[in-house]
Amino acid sequence: MSRENYNQAGASELIRAHGNRPEMLVQILHAFMDRFGWISEEAVRQLASELNLSRADVHGVVSYYHDFRTSPAARHVVKICAAEACQAMGSRALIKHAEKSLRLNMHESNDKVTLEPVYCLGNCACSPAIMVDGKTFGRVSNARFDEIVAQLDRADS
Amino acid sequence: MSTRIYVPRETAAISVGADEVAIAIARCAKESGARVELVRNGSWGASWLEPLVEVVVGEQRIAYGNVTAADVPALFKAGFLDGGDHACRIGPTVEIPYLIRQDRWTFWRCGLVNPLSIDDFLAHQGFSAILKAIEMGPQAVIDAVKTSGLRGRGGAGFPAGIKWQTVADTASPQKYIACNADEGDSGTFSDRIMLESDPLGLVEGMLIAGFAVGASKGYIYLRSEYPLCHSILTRAITTAREAGWLGDNIQGTGFNFDIEVHLGAGSYVCGEETAMLESLEGKAGVIRYKPPLPAIAGLFGKPTVVNNVVTLASVPNIINLGADRYKGYGVNRSTGTLAFQLAGNIKRGGLVEKAFGISLRELIEDWGGGTATGRPIKAVQVGGPLGAYIPASQLDTVLDYEAFANIGAMIGHGGIVVFDDTADMAQQARFAMQFCALESCGKCTPCRIGSVRGVEVIDRIINDENRDENYELLLELCDTMEAASLCAMGGMTPYPVRSVLKYFAEDFASAEGSRK
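Quick mapping for you: the protein sequence lines, in order, are chains E and Z.
Counting from 1, one number per residue, gives the positions in the first sequence under my numbering.
Counting from 1, one number per residue, gives the positions in the second sequence under my numbering.
These are calculated hints, taken from the structure and not from any lab test.
Keep in mind that this is a model prediction, so the values were computed, not measured.
Built from N, CA and C at the ideal position, the CB exists for glycine as well.
Don't take every hint at face value.
Claimed, not checked - In silico DMTMM-like pairs for lysine to aspartate or glutamate, Cα to Cα no more than 25 Å straight-line:
hint, chain 1, residue 1, chain 2, residue 2
1, Z, Lys290, E, Asp57
2, E, Lys96, Z, Asp459
3, E, Lys100, E, Asp156
4, Z, Lys77, Z, Glu31
5, Z, Lys283, E, Glu41
6, E, Lys135, Z, Glu20
7, Z, Lys217, Z, Asp248
8, Z, Lys347, Z, Glu365
9, Z, Lys502, Z, Asp468
10, E, Lys112, E, Asp67
11, Z, Lys443, E, Asp67
12, E, Lys100, Z, Asp424
13, E, Lys112, E, Asp146
14, Z, Lys443, E, Glu23
15, E, Lys96, Z, Asp424
16, Z, Lys502, Z, Asp459
17, Z, Lys217, E, Glu23
18, Z, Lys283, E, Asp57
19, Z, Lys443, E, Asp57
20, Z, Lys283, E, Glu13
21, Z, Lys283, E, Asp34
22, Z, Lys283, E, Glu50
23, E, Lys135, Z, Asp19
24, Z, Lys347, Z, Asp396
25, Z, Lys290, E, Glu23
26, Z, Lys283, E, Glu42
To be verified - Here are the simulated distance ranges between beta carbons:
hint, chain 1, residue 1, chain 2, residue 2, range
27, Z, Ala70, E, Ser71, 39 to 47 Å
28, Z, Arg4, E, Lys96, 43 to 51 Å
29, E, Trp38, Z, Gln125, 45 to 53 Å
30, Z, Ile100, E, Met106, 38 to 46 Å
31, Z, Asn332, E, Ala17, 46 to 54 Å
32, Z, Lys327, E, Ala56, 49 to 57 Å
33, Z, Arg101, E, Arg144, 28 to 36 Å
34, Z, Asn249, E, Arg144, 49 to 57 Å
Work out the full structure, taking the sequences as your base and the hints as a guide.
And the structure:
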């Protein structure tokens, strides 16, 4: 995913597109994530100033939600569902396999992949499920996991 | 004449290759010179058959199940454009037992129509209920919802008509409809299937609610884990607005209503109604004290109907077919239908909309076909992460809100997650506390601290440290969380924990301690 670096003009544009409404903060933060990939300290300052909120207000919202990163993720984000329906279909073992094959622990990144748990993708009749860069995959065996990750390599090269 | 082929654009289908199947069909059609019209419908909910491709032959839709892109050339060779035989061929969709034995009240258009086509929606009774509702008048609409006995399908089961009446009776120049689509419970996906397969059905339900209580603005709070759903829903809403079914003076009736979609941001507790309202106001999803009820002072302090997707989407047919007919389904105070979701370790997972009164066993065995692994069932978690683990010995419990309450369980949003005999229930109890610790909004102590202590105490029991004392302590902790938490997050996390202590205590035996 190509993302642009944080810049004030781009950020202002996103805030304006949401009518400079403070009640749109969560939605604006999503727009920042889509465009810049993470929420920097500078972004927090700008949001506070342009939405007439305190920096503490904005920081409180950014830190509350799992979706909002305060540091950039790797090029690809691999999320493995760790909730009950997927547990019932062996997601604990799938997580172990993923950690081993990517040589990463959950919540860690290398230069290619950020590995994270997610609590339900709503694909519980096709468990275990994973999400890669926003796309959901179902019935993910260890072999299928490796194949999906290998496709990321091919897409990058 | 071109042949119409349906390939679902729905998360479960796409997660197992539906997009690749659609591409392969288009390619094979081109190569063979066949003229096909590819329609991306939603899902019928038979997720175990996905990707479920349908070919229109004459008046019938012929279904092919579990189709992969690699199957497509062979399907063309087998003459599937004329319904030809192949290992994937199931037969006419309307004859699939999994589907025809359901009571499709709310989900009847799902799979049938193109979710993004207003014309298709209108051709299938779309928007006829809102026009009828406007003729009936607001109070008659509320009375119909009351008579139907419809209860909140998000999990709490509060009578929808009474909630609507409260909002209608509260004087305010501005009121809101807030639709809760923050479907966070593991094992549930009915909101998603509705929104991906018949989003306009929800739009119509919200229009009726808005008309009944005097609200001109609606919000849909959709979880961010559903990106495809978000794209389909927002496109459907734009289409409805362009066709004059949202906005000012809808179809010349003088009724104004519009809908805004907000995305959640990965917080489970935002599915709790007051946390959701906070999040809709752009804040952290910290729950509010009740009272005041949202019906009196909700979004931005204004009277607000907060209803789940399925609750609202059930209303159009209550108006069209009549409240008494809806009430004719179900048992006792659980009237109507619920979209049960068969999930986890199940052979035939998917959505089954059925009248209340069916037993868990019928759903899991007759529809679900038992476990996917073929092993015996050990436990079934109903109602999401806050629901009890029900042992195999209680599978004959009837699905009825009160019958479930009587066994210390809950139906919740209708998710049914099956575990086979390899499940380590001590780990499931630990996970319940761990998840609560992760997702607690932090406002009240029993939930914020209790859940962290809960994980520690369970670890001690698993490791056989002062077993009896810690067992006692865990029960006390459950009492405290249940009695003193502000919302269901802390208040119901003890349900799965207690159920494991009660029915699967042997899994806490020290030998299991090393098992993860």
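Each hint tested on the structure:
1. Lys290(Z) - Asp57(E): Between Lys290(Z) and Asp57(E) the Cα gap is close to 23 Å, so the pair holds against 25 Å.
2. Lys96(E) - Asp459(Z): holds, 20 Å
3. Lys100(E) - Asp156(E): With Cα atoms ~22 Å apart, Lys100(E) and Asp156(E) stay inside 25 Å; holds.
4. Lys77(Z) - Glu31(Z): holds, 12 Å
5. Lys283(Z) - Glu41(E): Distance of about 18 Å is within 25 Å: holds.
6. Lys135(E) - Glu20(Z): holds, 13 Å
7. Lys217(Z) - Asp248(Z): holds, 11 Å
8. Lys347(Z) - Glu365(Z): Given pair Lys347(Z), Glu365(Z) holds - Cα atoms ~9 Å apart, limit 25 Å.
9. Lys502(Z) - Asp468(Z): Holds, at about 14 Å.
10. Lys112(E) - Asp67(E): Between Lys112(E) and Asp67(E) the Cα gap is close to 19 Å, so the pair holds against 25 Å.
11. Lys443(Z) - Asp67(E): holds, 20 Å
12. Lys100(E) - Asp424(Z): Answer holds: Lys100(E) to Asp424(Z) is near 23 Å, not above 25 Å.
13. Lys112(E) - Asp146(E): holds, 14 Å
14. Lys443(Z) - Glu23(E): holds, 21 Å
15. Lys96(E) - Asp424(Z): Holds, at roughly 17 Å.
16. Lys502(Z) - Asp459(Z): Within the cut-off at roughly 17 Å; holds.
17. Lys217(Z) - Glu23(E): holds, 15 Å
18. Lys283(Z) - Asp57(E): It holds: about 8 Å lies between the C-alpha atoms, which stays within 25 Å.
19. Lys443(Z) - Asp57(E): holds, 16 Å
20. Lys283(Z) - Glu13(E): holds, 21 Å
21. Lys283(Z) - Asp34(E): Given that 25 Å is the threshold and the Cα spacing comes to 19 Å, the pair holds.
22. Lys283(Z) - Glu50(E): holds, 16 Å
23. Lys135(E) - Asp19(Z): holds, 12 Å
24. Lys347(Z) - Asp396(Z): holds, 19 Å
25. Lys290(Z) - Glu23(E): It holds: about 22 Å lies between the C-alpha atoms, which stays within 25 Å.
26. Lys283(Z) - Glu42(E): holds, 19 Å
27. Ala70(Z) - Ser71(E): 39 to 47 Å: holds, 41 Å
28. Arg4(Z) - Lys96(E): 43 to 51 Å: Roughly 45 Å apart at Cβ, these two residues keep to the hinted range, so it holds.
29. Trp38(E) - Gln125(Z): 45 to 53 Å: 47 Å Cβ-Cβ, so the 45 to 53 Å window holds.
30. Ile100(Z) - Met106(E): 38 to 46 Å: holds, 43 Å
31. Asn332(Z) - Ala17(E): 46 to 54 Å: holds, 50 Å
32. Lys327(Z) - Ala56(E): 49 to 57 Å: holds, 51 Å
33. Arg101(Z) - Arg144(E): 28 to 36 Å: holds, 32 Å
34. Asn249(Z) - Arg144(E): 49 to 57 Å: holds, 52 Å
In terms of the numbered hints stated before, the structure departs from none.
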